[in-house]
Amino acid sequence: MERKVRVRFAPSPTGPLHIGGVRTALYNYLFAKKNGGDFILRIEDTDQGRFVPGAEEYIIETFKWLNLNFDEGVQKGGDYGPYRQSDRKEIYKEYAQRLIDSKNAYYAFDTNEELDAMRKQYESEKKTFQYDSSTRESLKNSITLPQDEVKRLLKENTPYVIRFLFPKDTTIEIDDLIRGKVKMNSNLLDDKVLFKSDGMPTYHLANVVDDHLMNITHVIRGEEWLPSTALHIMLYKAFDWEETKPEFAHLPLLLKPDGNGKLSKRDGDRLGFPVFPLIWVDPKTNEVSSGYRESGYLPEAVINMLALLGWNPGLDRDIFSLEELISLFSLDRISLSGAKFDLEKAKWFNHQYLQQRPNRVLAEDFSVILKEKGIDFDINYVEKVVYLVKERCSFVNELWEQSSFFFIAPNSYDEKVIKKRWKPSTNDDLYVLAERLNILDNFESNTLNETIHNFIEEREINLGQFMNCLRLSLVGKAMGPDLFEIAHLLGKKETIERIERAVKTISII
RNA sequence: GCCCCGUUCGUCUAGUUGGCCUAGGACGCAAGAUUUUCAUUCUUGAAAUCAGGGGUUCGAAUCCCCUACGGGGUACCA
Numbered sequence: 176m177e178r179k180v181r182v183r184f185a186p187s188p189t190g191p192l193h194i195g196g197v198r199t200a201l202y203n204y205l206f207a208k209k210n211g212g213d214f215i216l217r218i219e220d221t222d223q224g225r226f227v228p229g230a231e232e233y234i235i236e237t238f239k240w241l242n243l244n245f246d247e248g249v250q251k252g253g254d255y256g257p258y259r260q261s262d263r264k265e266i267y268k269e270y271a272q273r274l275i276d277s278k279n280a281y282y283a284f285d286t287n288e289e290l291d292a293m294r295k296q297y298e299s300e301k302k303t304f305q306y307d308s309s310t311r312e313s314l315k316n317s318i319t320l321p322q323d324e325v326k327r328l329l330k331e332n333t334p335y336v337i338r339f340l341f342p343k344d345t346t347i348e349i350d351d352l353i354r355g356k357v358k359m360n361s362n363l364l365d366d367k368v369l370f371k372s373d374g375m376p377t378y379h380l381a382n383v384v385d386d387h388l389m390n391i392t393h394v395i396r397g398e399e400w401l402p403s404t405a406l407h408i409m410l411y412k413a414f415d416w417e418e419t420k421p422e423f424a425h426l427p428l429l430l431k432p433d434g435n436g437k438l439s440k441r442d443g444d445r446l447g448f449p450v451f452p453l454i455w456v457d458p459k460t461n462e463v464s465s466g467y468r469e470s471g472y473l474p475e476a477v478i479n480m481l482a483l484l485g486w487n488p489g490l491d492r493d494i495f496s497l498e499e500l501i502s503l504f505s506l507d508r509i510s511l512s513g514a515k516f517d518l519e520k521a522k523w524f525n526h527q528y529l530q531q532r533p534n535r536v537l538a539e540d541f542s543v544i545l546k547e548k549g550i551d552f553d554i555n556y557v558e559k560v561v562y563l564v565k566e567r568c569s570f571v572n573e574l575w576e577q578s579s580f581f582f583i584a585p586n587s588y589d590e591k592v593i594k595k596r597w598k599p600s601t602n603d604d605l606y607v608l609a610e611r612l613n614i615l616d617n618f619e620s621n622t623l624n625e626t627i628h629n630f631i632e633e634r635e636i637n638l639g640q641f642m643n644c645l646r647l648s649l650v651g652k653a654m655g656p657d658l659f660e661i662a663h664l665l666g667k668k669e670t671i672e673r674i675e676r677a678v679k680t681i682s683i684i
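Take the first sequence: its position 90, counted from the start at 1, is 265 in this note's numbering, and no numbers get skipped.
Treat each hint with caution, since some may be false.
[Claimed, not checked] Here are the simulated DSS-like cross-link-like pairs (lysine-lysine), alpha carbons at most 30 Å apart as the crow flies: (1) K522 with K209; (2) K548 with K515; (3) K520 with K301; (4) K431 with K546; (5) K343 with K295; (6) K239 with K371; (7) K420 with K440; (8) K278 with K251; (9) K209 with K278; (10) K343 with K412; (11) K358 with K343; (12) K251 with K179; (13) K302 with K264; (14) K330 with K268; (15) K268 with K440; (16) K209 with K559; (17) K356 with K264; (18) K358 with K330; (19) K330 with K520; (20) K412 with K315; (21) K295 with K356; (22) K412 with K431.
[As the list claims (entries may be wrong)] Distance ranges between label pairs, derived from CB positions: (23) V536 with Q272: 21 to 29 Å; (24) G224 with T319: 27 to 35 Å; (25) Q531 with S510: 25 to 33 Å; (26) D603 with G549: 56 to 64 Å.
None of these hints come from the bench; they were simulated from the model.
Note that CB positions come from ideal geometry on N, CA and C, so glycine has one too.
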């Protein structure tokens, strides 16, 4: 019987979610939605030592911002809860016991110190210590110790861990949906700890138990999990869950843009781009890490950019809506090699999506920035400004650089432009033009266009030269959109005042 | 060290049943066009002997082997 597709995103709350993690979640989401399945959020907080307050809320908020909604999970609920592993503690204990009973796992009483000493010793002999079939016979565990000794130790609450008993000389085959068949020999794998001495399971146990109990059909996760998948497969076998074992798909990693290695937290600040979706303030150090949201990225752009970083629909275009991504998505089009993040392309994506964003909405976003600067203009005016300048912007906050002159008259004039364009006769030309504009009762841009062109023709002055001077008067620089549109939006009074001020201020004698 | 995964323009990639690949697209870069300016936009261009070397084949980016390089794993972290 075909099972309903169920995938999970299972981050551990050890800090802000990495952008690579966001991509993993996105691929899970796309896969689920493409196949009419469920997308589940499970929090893997089995390591109490690394728990960071606020991290779970950060994760929730990230997906809220991106508008990728979970069907089940922490803070949302569902039929397979609880969805936080710390709330499932008792469950794992029971399953660990099952493995002990079926002789697939055993108690180990070796202390950390003993193990460390062992590792050091092996290292000094240029060997690698591994807790496995070759060494377990000589260590302190329920295989080597007499039964009543084991019972006594457990009764006395001696700290112990439960380790998986890896069989010797077994080949484990992983059938990865992205990579195909991967084979591993059990002799190279060690008896991983499944249950820690603090009463919590490790990732391996909790993950397999939860995926089974939550009816997960596809495990889509980062490539760093590929090596331990052999253990996971053995666990499904040990539990006799092979019938409903999920399919595995291991994603390539996100690499740093320069040099080599996995994209890390530090790269962001070093190279000037966010590696986190949202801003994050470390609760311990107060260190601030920037986020895509606060840097002005649009969620749609981030999703589009991330989707194409390691996956490609094979079409000759790059812009896809979430709906398109869902219908186009398939695991077999995921690339095998790690992808380097490209800041320039990320900006380009944002530019594309910024252009699609309605002017009214952009005007509202922009008004927030304006208010912070103590500028309060009518939203309709702001919307018109946005209409004129948005195509030259990739981010909302760039609107200010491109349009500040619409709100504040220039208080200085670009010297280079003066030097190049301003003539001794310009002051007089502009003065006369101001008088001419003053008697207009229509200040529409096409009227202005006609009036000014006639003026230039009449006086036989150079078009480019004069227009640049007029622009300088209104803008202060040689930049900005169509000059007649600027004058129109500024209005008659403001336009004339700016011309007069420029005439008074600029002198080349 | 050992194990696993990978390797096409600077970057993301197309190429998945070997021939239509003198290797396509996008970002970025360069030049030109448009414009009163800056940008946008448009056009054109440079850019990968398909990591290298061996095979297999009439024919290989596509299949096999080796080497190199890159990445991941090797914790009572996930």
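Hints, one by one, checked against the model:
1. K522 with K209: 28 Å, holds
2. K548 with K515: 37 Å, violated
3. K520 with K301: Violated, at about 46 Å.
4. K431 with K546: 37 Å, violated
5. K343 with K295: 25 Å, holds
6. K239 with K371: 34 Å, violated
7. K420 with K440: Violated, at about 34 Å.
8. K278 with K251: 38 Å, violated
9. K209 with K278: 41 Å, violated
10. K343 with K412: 15 Å, holds
11. K358 with K343: 15 Å, holds
12. K251 with K179: 20 Å, holds
13. K302 with K264: 36 Å, violated
14. K330 with K268: 16 Å, holds
15. K268 with K440: 35 Å, violated
16. K209 with K559: Cα-Cα ~40 Å, so violated.
17. K356 with K264: 34 Å, violated
18. K358 with K330: Violated. K358 to K330 sits at ~41 Å, over the 30 Å cutoff.
19. K330 with K520: Status violated; Cα separation ~61 Å.
20. K412 with K315: Status holds; Cα separation ~26 Å.
21. K295 with K356: This hinted pair is violated, its Cα atoms lying about 35 Å apart.
22. K412 with K431: 38 Å, violated
23. V536 with Q272: 21 to 29 Å: With a Cβ separation near 57 Å, V536 and Q272 fall outside 21 to 29 Å, so the hint is violated.
24. G224 with T319: 27 to 35 Å: 29 Å, holds
25. Q531 with S510: 25 to 33 Å: 27 Å, holds
26. D603 with G549: 56 to 64 Å: 37 Å, violated
Consistency with the previously given hints fails for numbers 2, 3, 4, 6, 7, 8, 9, 13, 15, 16, 17, 18, 19, 21, 22, 23, 26, ordered from lowest to highest.
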